[in-house]
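A.B. asks: Next come the chains, spelled out residue by residue.
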Amino acid sequence: MMRPTPPDVLPLRHLLTTDGLSRPQILSILDLAESFLPVGARAVKKVPLLRGKTVVNLFFEPSTRTRMTFELAAKRLSADVLNLDVAHSSTRKGETLLDTLRNLEAMQMDMLVVRHAESGAADFFARHAAPHVSVLNAGDGRHAHPTQALLDMFTIRRHKADFTALTVVIVGDVAHSRVARSQIHALRILGVPDIRVVAPRTLLPVDIETLGVRVVPHLETALRDCDVVITLRLQRERMQGTFLPSEGEYFRHYGLDAARLALARPDALVMHPGPINRNVEIASAVADGPQSVILEQVTNGIAVRMAVMAQVLGRAPGQESAA
Amino acid sequence: MMRPTPPDVLPLRHLLTTDGLSRPQILSILDLAESFLPVGARAVKKVPLLRGKTVVNLFFEPSTRTRMTFELAAKRLSADVLNLDVAHSSTRKGETLLDTLRNLEAMQMDMLVVRHAESGAADFFARHAAPHVSVLNAGDGRHAHPTQALLDMFTIRRHKADFTALTVVIVGDVAHSRVARSQIHALRILGVPDIRVVAPRTLLPVDIETLGVRVVPHLETALRDCDVVITLRLQRERMQGTFLPSEGEYFRHYGLDAARLALARPDALVMHPGPINRNVEIASAVADGPQSVILEQVTNGIAVRMAVMAQVLGRAPGQESAA
Amino acid sequence: MMRPTPPDVLPLRHLLTTDGLSRPQILSILDLAESFLPVGARAVKKVPLLRGKTVVNLFFEPSTRTRMTFELAAKRLSADVLNLDVAHSSTRKGETLLDTLRNLEAMQMDMLVVRHAESGAADFFARHAAPHVSVLNAGDGRHAHPTQALLDMFTIRRHKADFTALTVVIVGDVAHSRVARSQIHALRILGVPDIRVVAPRTLLPVDIETLGVRVVPHLETALRDCDVVITLRLQRERMQGTFLPSEGEYFRHYGLDAARLALARPDALVMHPGPINRNVEIASAVADGPQSVILEQVTNGIAVRMAVMAQVLGRAPGQESAA
Numbered sequence: 001m002m003r004p005t006p007p008d009v010l011p012l013r014h015l016l017t018t019d020g021l022s023r024p025q026i027l028s029i030l031d032l033a034e035s036f037l038p039v040g041a042r043a044v045k046k047v048p049l050l051r052g053k054t055v056v057n058l059f060f061e062p063s064t065r066t067r068m069t070f071e072l073a074a075k076r077l078s079a080d081v082l083n084l085d086v087a088h089s090s091t092r093k094g095e096t097l098l099d100t101l102r103n104l105e106a107m108q109m110d111m112l113v114v115r116h117a118e119s120g121a122a123d124f125f126a127r128h129a130a131p132h133v134s135v136l137n138a139g140d141g142r143h144a145h146p147t148q149a150l151l152d153m154f155t156i157r158r159h160k161a162d163f164t165a166l167t168v169v170i171v172g173d174v175a176h177s178r179v180a181r182s183q184i185h186a187l188r189i190l191g192v193p194d195i196r197v198v199a200p201r202t203l204l205p206v207d208i209e210t211l212g213v214r215v216v217p218h219l220e221t222a223l224r225d226c227d228v229v230i231t232l233r234l235q236r237e238r239m240q241g242t243f244l245p246s247e248g249e250y251f252r253h254y255g256l257d258a259a260r261l262a263l264a265r266p267d268a269l270v271m272h273p274g275p276i277n278r279n280v281e282i283a284s285a286v287a288d289g290p291q292s293v294i295l296e297q298v299t300n301g302i303a304v305r306m307a308v309m310a311q312v313l314g315r316a317p318g319q320e321s322a323a
Numbered sequence: 001m002m003r004p005t006p007p008d009v010l011p012l013r014h015l016l017t018t019d020g021l022s023r024p025q026i027l028s029i030l031d032l033a034e035s036f037l038p039v040g041a042r043a044v045k046k047v048p049l050l051r052g053k054t055v056v057n058l059f060f061e062p063s064t065r066t067r068m069t070f071e072l073a074a075k076r077l078s079a080d081v082l083n084l085d086v087a088h089s090s091t092r093k094g095e096t097l098l099d100t101l102r103n104l105e106a107m108q109m110d111m112l113v114v115r116h117a118e119s120g121a122a123d124f125f126a127r128h129a130a131p132h133v134s135v136l137n138a139g140d141g142r143h144a145h146p147t148q149a150l151l152d153m154f155t156i157r158r159h160k161a162d163f164t165a166l167t168v169v170i171v172g173d174v175a176h177s178r179v180a181r182s183q184i185h186a187l188r189i190l191g192v193p194d195i196r197v198v199a200p201r202t203l204l205p206v207d208i209e210t211l212g213v214r215v216v217p218h219l220e221t222a223l224r225d226c227d228v229v230i231t232l233r234l235q236r237e238r239m240q241g242t243f244l245p246s247e248g249e250y251f252r253h254y255g256l257d258a259a260r261l262a263l264a265r266p267d268a269l270v271m272h273p274g275p276i277n278r279n280v281e282i283a284s285a286v287a288d289g290p291q292s293v294i295l296e297q298v299t300n301g302i303a304v305r306m307a308v309m310a311q312v313l314g315r316a317p318g319q320e321s322a323a
Numbered sequence: 001m002m003r004p005t006p007p008d009v010l011p012l013r014h015l016l017t018t019d020g021l022s023r024p025q026i027l028s029i030l031d032l033a034e035s036f037l038p039v040g041a042r043a044v045k046k047v048p049l050l051r052g053k054t055v056v057n058l059f060f061e062p063s064t065r066t067r068m069t070f071e072l073a074a075k076r077l078s079a080d081v082l083n084l085d086v087a088h089s090s091t092r093k094g095e096t097l098l099d100t101l102r103n104l105e106a107m108q109m110d111m112l113v114v115r116h117a118e119s120g121a122a123d124f125f126a127r128h129a130a131p132h133v134s135v136l137n138a139g140d141g142r143h144a145h146p147t148q149a150l151l152d153m154f155t156i157r158r159h160k161a162d163f164t165a166l167t168v169v170i171v172g173d174v175a176h177s178r179v180a181r182s183q184i185h186a187l188r189i190l191g192v193p194d195i196r197v198v199a200p201r202t203l204l205p206v207d208i209e210t211l212g213v214r215v216v217p218h219l220e221t222a223l224r225d226c227d228v229v230i231t232l233r234l235q236r237e238r239m240q241g242t243f244l245p246s247e248g249e250y251f252r253h254y255g256l257d258a259a260r261l262a263l264a265r266p267d268a269l270v271m272h273p274g275p276i277n278r279n280v281e282i283a284s285a286v287a288d289g290p291q292s293v294i295l296e297q298v299t300n301g302i303a304v305r306m307a308v309m310a311q312v313l314g315r316a317p318g319q320e321s322a323a
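Protein chains in written order, with the working numbering: chain A, 1 to 323; chain B, 1 to 323; chain C, 1 to 323.
Treat the hints as calculated values from the structure; they're not laboratory data.
Yeah, the Cβ is synthetic: ideal placement off N, Cα and C, and Gly gets one too.
Certain hints may be false.
[Unchecked claim] What the simulated footprint calls covered on chain B by chain A, stretch by stretch (three residues with Cβ under 8 Å from a Cβ of chain A suffice, anywhere in the stretch; the number is not a length):
{"hint": "1", "stretch": "42-55"}
{"hint": "2", "stretch": "95-108"}
{"hint": "3", "stretch": "150-163"}
[Said to hold, decoys possible] List time: in silico PhoX-like cross-link candidates among lysine-lysine, alpha-carbon distance up to 20 Å:
{"hint": "4", "chain 1": "B", "residue 1": "46", "chain 2": "C", "residue 2": "46"}
{"hint": "5", "chain 1": "C", "residue 1": "160", "chain 2": "A", "residue 2": "46"}
{"hint": "6", "chain 1": "A", "residue 1": "46", "chain 2": "B", "residue 2": "160"}
[Unchecked claim] Covered by chain C, according to a simulated footprint, are these stretches of chain A (three or more residues, beta-carbon under 8 Å):
{"hint": "7", "stretch": "35-42"}
{"hint": "8", "stretch": "256-264"}
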């Protein structure tokens, strides 16, 4: 007699946030990504898995880099990709989000990759999507950027055997960072016992400790004996008013340089979601140094996005998690 | 002894307007579209019919939505697609339309999908195109938008058995609508005996009755016992000066709401070329109601564009209609 | 015993400039292009040579026409193509060129097609590129535009048997023309003994004769008995200040009209890199006349770019010229 698959290992239908994912769900994506990693190194960087599927990059907020990684992942899976730059589209003519969704569904799109400046946009699409459509969140406001967090977990796992023995430091503009939120959820789910957050007081959300992290005032204290340092991009374009005295001042207090990195374990990983501001968040020597896995993150990002796409479109109808 | 195929059933080389098409020509496209409709519902939404053909979307007037439908149709036929946004191209550098055409021909394009703010642009390309190049009109000025009209005919035929027994109402901004013109020609060719046009006097071309329609001053009178109601988009961005007192005023006189729709036959179809302005041309409840086929139109639009592309590129050289 | 292939016939890894190429290197590309020319005339305009390769069009300076020719060449070789319009990308956010390169490498791109307003940009990318990445220069500042020069050589060779017997005239805005520089190098390498340059004094670089050409003050003198006339585009958008009294004045002195062309050999070729300014650089009657090969150049451009792409990506690792 077959027992039904428990919901926490069922393949995802959408990927909107890392918050609420189960450990087996995350691990199943990382395992699948492991199998896609060699594709990018082959002479023919292509597998026929999603041939004849249609993926739309629906970018309400421009981000060439992120759009490229999704486009590349989809093309390496042999899907057809359409780029819809919504800044120049009919939403400008006053069409509602729901009408945009209904129209894309009517064109029989299989997957919407949604980027939006407002939190909750991808959730909105997922909540209203027809059964044959999957939604991937490619970044919404300050809320979530789940594929970035998953590629970070993937990168950590390739270097560190056991999440439950790790100390991870996240340093920088936590307040404006959907990346940080998604990382914290994923790290917690995977059992990381010690997550330390360091940020200027003006860039630190008041409720951040409710997510299960520890706020540490000084970077030096935080770095001591840690296994992973995640530096965040200073979201200059997203800040309004004056949160920071100057970039030089920021680097003096929160920039990761060689002297500070020496406080971490000798084999500590240095990570950054990119694009980096050299000598603002991170010293050039550290970004390019032997402990940096910043470019590995980029490579892994393609494999992880291929895995997410393959999983959400590969599921049997009705055979999916509610998440 | 073989008799030559009469010209009115020969496959089209270009599609520029519905004006002058023969009934068999329209029906052959609708029949072909019928065969493509299931492709969009399959797991692999792709047929190899146009593999190795090159299609250019040559958009002098931006229209993301329309561009996407042609791009999707071409990709589902396995063609290669290039998007040429001419606003940022060498025509800006003063190149003539003819030189643009000659260059695209020299690159061995097979099909140009042309969108232009001026009437006659697609005709110009077709008149001068080399024998191996087909031109599709994706909307030119106030003149024609033939694929939109054909997808509307396709949608009507899927619901109504006999065109020669239909009453069709077209309501809205007829003056600025290439869609309305193309629809009227197609409906007449298919034998629709009663086409009623309703519009504010300022949005009604003086010569519209010469096309074989009847102008009816009040929407209520026009709707009585009709089988199809086609609402037109209020082309706000194309209107200059003040044709209309206000959107609210427009809706009060020409908006399709539930009370007015009740005057039509109970099985009357509600159509709109999209994107809709909710509660301007059409009440939300009607747009989303059981008689609305607005989203079916979108789905059918892909199949119809696939059919047109397959027909114009599938013809044997020299074996085509002059149209 | 196998002798190592001499470096001057080894396939190129990058194509940055025609300066310094060997005669066998140029001829090997032209021969390969000859084999690709029929592909564009076939029903299925596609060969599977670069299937699963990823090509990025990295355009820091917009040029729809040039971008299309590379995109088309890559697609006809079955490569995946991503268009990266860098004006709207993270370089705007202050990322360095080197970081852009490292990120594209990490995404496992195989080829970067680089267009940049500054001389030396493509060289920079090539100098720093990882071993698996090839760089093609699609035009950098006033420096070089090598694929344009190669397609010109290809076009000349299809009409003239022997480069070493030719007289070639280059007329126009030599000062701002990367095309002219690349042509002069290529013509010299192929052994053209007599290259004559004609330009207004303000559009003539002082050191131009060091490239092995002869400056001739009057177009009439230069044209006498020549075999090829290359007219250059008047780079109006690139000129600052007033180099020229007026377009009419320019045409009166340097425009190629029928009377002047009659001074050349009766079978002299008329060439232009496009897009042409009719009746500025060249009379309409001459551009469209029987001696013009301007549209052939466009067709040949696709074949030559396919050849360059096939050669740089087809080379065995380590088996390449240093150039």
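A.B. asks: Between residue 160 of chain C and residue 46 of chain A, does the CA-CA distance stay at or below 20 Å?
C.D. replies: violated (43 Å)
A.B. asks: At a Cβ distance under 8 Å, does chain A reach at least three residues of the stretch 150-163 of chain B?
C.D. replies: violated (count 0)
A.B. asks: Keeping to a limit of 20 Å between CA atoms, is the pair of residue 46 of chain A and residue 160 of chain B held or broken?
C.D. replies: violated (46 Å)
A.B. asks: At a Cβ distance under 8 Å, does chain A reach at least three residues of the stretch 42-55 of chain B?
C.D. replies: Held - the stretch 42-55 of chain B has 5 residues with a Cβ nearer than 8 Å to chain A, which meets the minimum of three.
A.B. asks: Starting from residue 46 of chain B, check that the Cα of residue 46 of chain C is at most 20 Å away, please.
C.D. replies: holds (18 Å)
A.B. asks: Closer than 8 Å, Cβ to Cβ, for at least three residues: run that test on the stretch 256-264 of chain A against chain C and report holds or violated.
C.D. replies: violated (count 0)
A.B. asks: Count the residues of the stretch 95-108 of chain B whose Cβ falls closer than 8 Å to any Cβ of chain A, and tell me whether that reaches three.
C.D. replies: The restraint on the stretch 95-108 of chain B is violated, since only 0 of its residues have a Cβ under 8 Å from chain A and three are required.
A.B. asks: Just to make sure I understand the rule, a stretch counts as covered if three or more of its residues have a C-beta closer than 8 Å to a C-beta of the chain. Does the stretch 35-42 of chain A meet that for chain C?
C.D. replies: holds (count 3)
The structure is inconsistent with the numbered hints 2, 3, 5, 6 and 8, although it conforms to all the rest.
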